[in-house]
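2 protein chains.
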Amino acid sequence: MAIVTIVGAGFMGSATAWPLADNGHTVRLVGTHLDAEIITQCKERRFHPKLQRELPPGVQPYHAEEITQAIEGAEIILSGVNSSGVRWIGQTLGPLLRPEHLLIAITKGLDLDASGDLKILPDVLRDELPENIRNQVRLAAIGGPCIAGELAGRRQTCVTFGCRDQAAVERLATAFRTPYYHVWTTTDLVGLEYCAALKNAYTVGVALAFGLLEKSGGTDTAGAHMHNLAAACYGQACTEMEQFLRIVGATRYFAFGLPGAGDLYVTCVGGRTIRLGTLLGKGHSIAEARAILAGLTLEGAAIIEIMGQALPRLEARGLVGPGDLPLLRALIAVIVHGQPLQLRLDAFFGGGGRV
Amino acid sequence: MAIVTIVGAGFMGSATAWPLADNGHTVRLVGTHLDAEIITQCKERRFHPKLQRELPPGVQPYHAEEITQAIEGAEIILSGVNSSGVRWIGQTLGPLLRPEHLLIAITKGLDLDASGDLKILPDVLRDELPENIRNQVRLAAIGGPCIAGELAGRRQTCVTFGCRDQAAVERLATAFRTPYYHVWTTTDLVGLEYCAALKNAYTVGVALAFGLLEKSGGTDTAGAHMHNLAAACYGQACTEMEQFLRIVGATRYFAFGLPGAGDLYVTCVGGRTIRLGTLLGKGHSIAEARAILAGLTLEGAAIIEIMGQALPRLEARGLVGPGDLPLLRALIAVIVHGQPLQLRLDAFFGGGGRV
Numbered sequence: 005m006a007i008v009t010i011v012g013a014g015f016m017g018s019a020t021a022w023p024l025a026d027n028g029h030t031v032r033l034v035g036t037h038l039d040a041e042i043i044t045q046c047k048e049r050r051f052h053p054k055l056q057r058e059l060p061p062g063v064q065p066y067h068a069e070e071i072t073q074a075i076e077g078a079e080i081i082l083s084g085v086n087s088s089g090v091r092w093i094g095q096t097l098g099p100l101l102r103p104e105h106l107l108i109a110i111t112k113g114l115d116l117d118a119s120g121d122l123k124i125l126p127d128v129l130r131d132e133l134p135e136n137i138r139n140q141v142r143l144a145a146i147g148g149p150c151i152a153g154e155l156a157g158r159r160q161t162c163v164t165f166g167c168r169d170q171a172a173v174e175r176l177a178t179a180f181r182t183p184y185y186h187v188w189t190t191t192d193l194v195g196l197e198y199c200a201a202l203k204n205a206y207t208v209g210v211a212l213a214f215g216l217l218e219k220s221g222g223t224d225t226a227g228a229h230m231h232n233l234a235a236a237c238y239g240q241a242c243t244e245m246e247q248f249l250r251i252v253g254a255t256r257y258f259a260f261g262l263p264g265a266g267d268l269y270v271t272c273v274g275g276r277t278i279r280l281g282t283l284l285g286k287g288h289s290i291a292e293a294r295a296i297l298a299g300l301t302l303e304g305a306a307i308i309e310i311m312g313q314a315l316p317r318l319e320a321r322g323l324v325g326p327g328d329l330p331l332l333r334a335l336i337a338v339i340v341h342g343q344p345l346q347l348r349l350d351a352f353f354g355g356g357g358r359v
Numbered sequence: 005m006a007i008v009t010i011v012g013a014g015f016m017g018s019a020t021a022w023p024l025a026d027n028g029h030t031v032r033l034v035g036t037h038l039d040a041e042i043i044t045q046c047k048e049r050r051f052h053p054k055l056q057r058e059l060p061p062g063v064q065p066y067h068a069e070e071i072t073q074a075i076e077g078a079e080i081i082l083s084g085v086n087s088s089g090v091r092w093i094g095q096t097l098g099p100l101l102r103p104e105h106l107l108i109a110i111t112k113g114l115d116l117d118a119s120g121d122l123k124i125l126p127d128v129l130r131d132e133l134p135e136n137i138r139n140q141v142r143l144a145a146i147g148g149p150c151i152a153g154e155l156a157g158r159r160q161t162c163v164t165f166g167c168r169d170q171a172a173v174e175r176l177a178t179a180f181r182t183p184y185y186h187v188w189t190t191t192d193l194v195g196l197e198y199c200a201a202l203k204n205a206y207t208v209g210v211a212l213a214f215g216l217l218e219k220s221g222g223t224d225t226a227g228a229h230m231h232n233l234a235a236a237c238y239g240q241a242c243t244e245m246e247q248f249l250r251i252v253g254a255t256r257y258f259a260f261g262l263p264g265a266g267d268l269y270v271t272c273v274g275g276r277t278i279r280l281g282t283l284l285g286k287g288h289s290i291a292e293a294r295a296i297l298a299g300l301t302l303e304g305a306a307i308i309e310i311m312g313q314a315l316p317r318l319e320a321r322g323l324v325g326p327g328d329l330p331l332l333r334a335l336i337a338v339i340v341h342g343q344p345l346q347l348r349l350d351a352f353f354g355g356g357g358r359v
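These protein sequence lines are chains V and S, in that order. Here the first sequence stands for residues 5 to 359, where the numbers follow this note's numbering. Here the second sequence stands for residues 5 to 359, where the numbers follow this note's numbering.
None of these hints come from the bench; they were simulated from the model. Please note that a few of the clues may not be correct.
No distinction is drawn between identical chains; accordingly, a pair holds when it is met within one copy or between any pair of copies.
Within a straight-line C-alpha distance of at most 35 Å, the following computed DSBU-like cross-link-like pairs (lysine-lysine) qualify [what the hints assert, rightly or not]:
| id | residue 1 | residue 2 |
| --- | --- | --- |
| 1 | 286 | 47 |
| 2 | 123 | 47 |
| 3 | 286 | 123 |
| 4 | 123 | 54 |
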């Protein structure tokens, strides 16, 4: 059995404590400075206030200030922060890491490197680490459909772990797998991370249909929704994810497997990303939508902003043509350029749906 | 402008009258013998009782007995019957068809030929036609996500028309396209029909999760559903659809485009196929589920039965391996062999998710 330290006590980081504890590992749950109240409740009541569940026996809560003790003796460290915390965690963990540590992140997103190219978050994290350790610590990530509250409820969950090092990803999978937490492995970390990030962008795209329905006055006298439109956006979303996988030379079947179509499905069930897309579909500007959703981290908007910056460069390099990615372009127009929503359905699926 | 005759006045056949009428075609809506009451109401009140909408101006209702007049002068004939009516429509239309007719079907399903191989329904229909006309009439089909009530409500809808004859499918698309009915075209009729049929099977698969949730007592004290499980089934469904497309040499991107992932999404929104899967997930036998859903045509069960017959032959020919299609196999076990539901999640996605 291993010592596993989870850094970040939000929904998803904390939820991984359940399979780990069930496997008999020593699990240490470290809050960030934003999680102080969560950790206090975990310490005092053995109750996680966000997940609304009792902590499994064996999970030890730590405040941010106690991180050095929490890392002591750990084999595996899980980064449970969101995309805005990636640099912080790199800087915080950096001095504490040893070459043999396995580091696995749940963060979803993409960033840009100095030259404006897309960069996966595990590589952003890596670059924050001290040089002497940077290329020795093995970095992995988790992709695939997982609502944290269901994992903590020990509901059947299927995910994919990715790491460029085959032995490391197999070790991690073995440490986490339970009869309810099913883990596939891949060395295609890039493809996995693209799917994990892009599915948040495309969930906003699917949700536009829900907002357009509200804008039109809701269901009509005969009860018609706008599911056909949402479904077209769903198919286009998977199609565009597949194009990105081709561009980066990644595993194309991710588009229609667990990391792509599967993860998109679960993200479309509900939550903040769906609320964002619904507001935009209804006709709200991104500024209005941000005001309404104040206080929530909008990973969907963040990735669309990054893609807005990356797109001109992908076009200049001939990797994306002017007719490609019509759904992403519509999202960028609204979220980055503040333009009114315009969904050009005829441009979907290669542009053959002309009237 | 053309004369277009729709045969079958159920939901989907009738709904195509809206874009056709909006395009200024003369539209004749012919009921089958089962649709007599629908046609009577259409004639007397200009109101479609199933779709709960007034008929568009220019749509002319005909009883089954009036089919000869209804076909007179038509350029396009749309078959609006379900899979159990394909042979009937072939026999009924056969004597009335001329070589220049364009015939387009909305029926979803697959059948078996005399040697036990899978056969798409347009080919089943073709084989019911008189020999002198069989290879002259051009047969097409419609695939992709389309809830009939939304199409009749002129909601944005994206579909794919398939026909082996490029000119015919382009002519059909031109006749049907409106600013709300977006039509893509393909000559890969086989791939399109596989998706249209299989998505009904796999919707049963996704819905198992809804039933398993009910069986477990519903959401737990912290509100956890089983969306993670449904999402895993969704990804596996798309993965298995892609395998079938590979097997028949069809267009693989259908799996993650409009005919596959897109159509699966809309079918999973609700309806009889979801109800069937939910009942099976809950632990009902197929016999019990059929009794509860008495009177409804269960296209999902029908295609799973066909696949149950086709599978041994696909295996014998080396096209399907013993570890392939675990979701379809689970559905066949329950629906064809009356076995208790057993979802082997670890066998999904190539079987790497071992515990």
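Here is how each hint holds up against the structure:
1. 286 <-> 47: neither (43 Å within a copy, 39 Å between copies)
2. 123 <-> 47: Neither: 37 Å inside a chain and 63 Å across chains, both beyond 35 Å.
3. 286 <-> 123: Cα proximity of residue 286 and residue 123: one copy only (32 Å, versus 44 Å across).
4. 123 <-> 54: within (31 Å within a copy, 53 Å between copies)
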